[in-house]
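Colleague: Listed in order, the protein sequences are those of chains A and B. Okay, so the first sequence: first residue is 184 according to my numbering, each after it adds one. Okay, so the second sequence: first residue is 10 according to my numbering, each after it adds one.
Quick caveat, the hints were computed from the structure, so don't treat them as lab data. Where a beta carbon is used, it is the ideal one built from N, C-alpha and C, also for glycine. All clues stand as given, with none of them false.
A few chain B positions that, by computed beta-carbon distances, are all more than 10 Å from chain A:
hint, residue
1, V27
2, I31
3, A73
4, A91
5, E99
6, D109
7, Q116
8, T120
9, A130
10, G164
11, V166
Quick list of simulated restraints, FRET-style, between CB atoms:
hint, chain 1, residue 1, chain 2, residue 2, range
12, A, I209, B, A130, 48 to 54 Å
13, A, K402, B, D167, 37 to 43 Å
14, B, A91, A, E367, 39 to 45 Å
15, A, F328, B, V151, 28 to 34 Å
16, B, I87, A, A400, 23 to 29 Å
17, A, E406, B, N89, 40 to 46 Å
18, A, V207, B, D167, 38 to 44 Å
19, A, D321, B, W112, 49 to 55 Å
20, B, D109, A, L259, 49 to 55 Å
21, B, Q133, A, D321, 18 to 24 Å
22, B, G113, A, T378, 55 to 61 Å
23, A, S333, B, Q90, 50 to 56 Å
Each chain is listed here by its residues.
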Amino acid sequence: MKIKYLPFNKKGASSVLVILMMVVLIVFGLAALTTSLAAMRLGDKANDWTGEYYELEAKAEEFLFELDGLLVQAELDAISYIEEELYLENEKTLFPDNLQENIYNSYNVALPEAAGEYYLSRVMEAAFYKAAIDALLDEFPRAQFNYSGSYMRQILEDEGFTEITFAITISEENSDYPKNLDIELRLIAPKYNITISDNKVSGTRTTSTYKRYKILAWKEWQEYFDYSDKVEFEDISDQPPL
Amino acid sequence: MKNLVKSGIKSNKGFTLVEVIISIGFLCIACGIIIQLFIASGEVRSKAALREIASLKAANAIEACKISDSPEDVGKDIFNQASTNYEKTETGYAISEYFDENWGVPQQGTTPVYVLKVDIAEVQRHSDLKDKFGDNDGNSEVFISALYEINVTTGYVDTGRDDSLLAEFSTSRHFVYKEIGE
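Using the sequences plus the hints, can you model the full thing?
Modeller: Right, dumping it as structure tokens:
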């Protein structure tokens, strides 16, 4: 009888299967662990990014607070201007000479009282913008201002809506990937109802507009950068799995 | 039988008990390592997910601060009032919102697992500006312009744990609001 030999020896096949299964399970386990660690690293990076974003926002809010301080002072200046009737004194005027003369003449012609009150509210608005722009130009020379050169005349002669905007970039340089924030703002003149009685001027602020600026744009951006393709094992060892 | 012997199995002799025990031991160690890998992976994944939720909750709280008109109103429309404590501090407010293990509202009588803390503190204020001039009747509103520091943390209620802090963000906010003055 001819002896038939099998093409290969089956001896130890089960051991090979068990070892293979073990290897596959170990690979799966390592893959799952790596994925989890990567998810954790990604989460930490997202956390850091969010934290840096809020730090940048904190700087922007500090800037808004500083800006509002200047606008508060501009409002106080405008109040003094009306309250102390400085618009009648040529040497204490906020406006250029010819404008001051116009104001003086307009106010001194026999306007009905209501018209005089309305005109004074325009004077106060122009005084606020004048004081505000002078202070802002001095404090933030790098900001980009956008307004008409004849804004005072436009306000005083009631020629419609006067828009004074300015843009500035706030930067956060402390992080690995520096972030920037572009802010564009419009100044809002405080509105007062002015009354004249017994030759005394008084004003009440309208409650609808108690903010002195409106944010028109709030845009965060970063310079172009390349992600490093270097694997940072230190990060992984910093985060023990258990 | 003869064929079998010819085809390679030359002996019926099996493994000795020691060999079987050693191989089972090796198998157990290998299985233990594999199971540990999966357990560790699961723990890391759940920890990452927990941190992500904590971070989102903290970011939401900061956004709630940003949309509020005044520091007093922070979170009034966002936080669940039933599980939130408001406390007035010397310079601002301390708000704590509590959660159960699934980040839901804790049932009555159960101990909350997580807590979100919001500290709002005034750091600077411009001079108060009254809403009237010339004819101050002593009952005017005051327009406040103030800078507040906001610190938000999310973590376990049990502060004894090593990992009790899960997420922390800080920022500032410029509030302009009105108050009734003297």
